[in-house]
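> Each chain is listed here by its residues.
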Amino acid sequence: MPRFKASRKSTWVDMTAFVDVAFLILAFFMLATKFKPDEPVEINTPSSVSTQTVPEVDVLLVSIDKDGRVFFSIDNPEYRRAIIENLNSTRNLGLNESQIRNFLNAPSIGVPFSGLQSLLSLSVDQMSKYHQPGIPVNDSTGGELAFWVRDAIYMAAAKKQKLNLMIKGDNATKYPAFRGVLKAFKMQDQNKFLIVTSAEEPPVGSPLYEKRLTETRR
Amino acid sequence: MADIDVSDGGGHKKGPGVKKSKKKNARVDLTAMVDLGFLLITFFIFTTTLQQPMAMQLLLPKDTDRPEEQNKTKETGAFTILLGADDRVYYYEYMDPTAMQVTTFGKIRDLIIDKKRRTPKDDLVLILKPSDDATFKNTVDIVDEMTINDISRFAMVDITPEEYEIMKSKANLPVQE
Chain A
1 MPRFKASRKS
11 TWVDMTAFVD
21 VAFLILAFFM
31 LATKFKPDEP
41 VEINTPSSVS
51 TQTVPEVDVL
61 LVSIDKDGRV
71 FFSIDNPEYR
81 RAIIENLNST
91 RNLGLNESQI
101 RNFLNAPSIG
111 VPFSGLQSLL
121 SLSVDQMSKY
131 HQPGIPVNDS
141 TGGELAFWVR
151 DAIYMAAAKK
161 QKLNLMIKGD
171 NATKYPAFRG
181 VLKAFKMQDQ
191 NKFLIVTSAE
201 EPPVGSPLYE
211 KRLTETRR
Chain B
1 MADIDVSDGG
11 GHKKGPGVKK
21 SKKKNARVDL
31 TAMVDLGFLL
41 ITFFIFTTTL
51 QQPMAMQLLL
61 PKDTDRPEEQ
71 NKTKETGAFT
81 ILLGADDRVY
91 YYEYMDPTAM
101 QVTTFGKIRD
111 LIIDKKRRTP
121 KDDLVLILKP
131 SDDATFKNTV
141 DIVDEMTIND
151 ISRFAMVDIT
161 PEEYEIMKSK
171 ANLPVQE
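From first to last, the protein sequence lines are chains A and B.
Going by my numbering, 121 is the number at position 121 of the first sequence; the sequence numbering is gapless.
Going by my numbering, 128 is the number at position 128 of the second sequence; the sequence numbering is gapless.
Bound-form chain A, shown alone (with noise of 0.2 Å):
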């Protein structure tokens, strides 16, 4: 009787390739990367047919989320300090020297003046988990917005800068609460902003989608 003799294959695979290509996919993604900033709030952008890209230094960002809460951020450190120092004394706002270097740390500001120093007091961990109501802005007078906004462009002015000024809004924003944004900013007599979307292509047929076709074949 002829035993038959099932032929053991060896379950060893040659991992060589694979490790190739995982590489070489994980070199891509980590130069290609640009790491998510740190928000408050989650904000999806409209978008636009725009082509300009989003400068990324002096950059004064208003930050509105779909409930229409406003945010504060300014990414020039130096900037910040004056700022924070500033309003603490025009406003009385009674911040401690640690509550200051705080807000050097804080990624952005959603809260009233009143509201400040409790915030200012957290870590910046629980900062993040703080439910920030937003900073009031208001159609006549800009809110306590114009005066973070005054401030800043003092500050920018006084060091011979300009802030690029950016808007960046939620979908389902309501328009008065960026009206109320335009407003503080207009307060300062500043009218040219950019405002933060997402790339989309100019439709098919479309007299920019023409112009732009003339462009590249020239």
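Please keep in mind that the hints were generated in silico from the structure rather than gathered at the bench.
All the pointers check out, no bait thrown in.
Simulated crosslink set (DSS-like; lysine-lysine; CA at most 30 Å straight-line):
(1) A:Lys192 / B:Lys137
(2) B:Lys137 / A:Lys162
(3) A:Lys66 / B:Lys170
Got chain A sorted already, so can you dock chain B onto it with the hints?
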């Protein structure tokens, strides 16, 4: 086979008593390395923002109460677009709010192009009036529409109470084809 034969072919080449140095298998188990690689890939995929945000320029006119500083618009060249609730778009020509009509974002482009064709280039002014019911997306979309249709003169103005009333009265009308 494919493996290097490491077995001793019998017979002591180096003579009896000489111990043969044992050849180790050159293959390394790469499973753990692959695991780690893909773990890092997933991490980078989740943290990455591949799509760069774009900035849309928005220039607003200065608020002014003095009439001599305000830009004059010719009535025939004016085309007012109002943004209402539920993504509805209202429009009228010639500064006549009573002639307000309802449309959608999909159709407003044809209306703008039509108006642009009918009007001398220097007279054309589009007036955008988002109401309190409009969303930020609506506002960005309509400003974007100006870029798409190559409209150089447009203004974003607040809606008047009269216009808002007319808009409300037409809020339930079906969209015209």
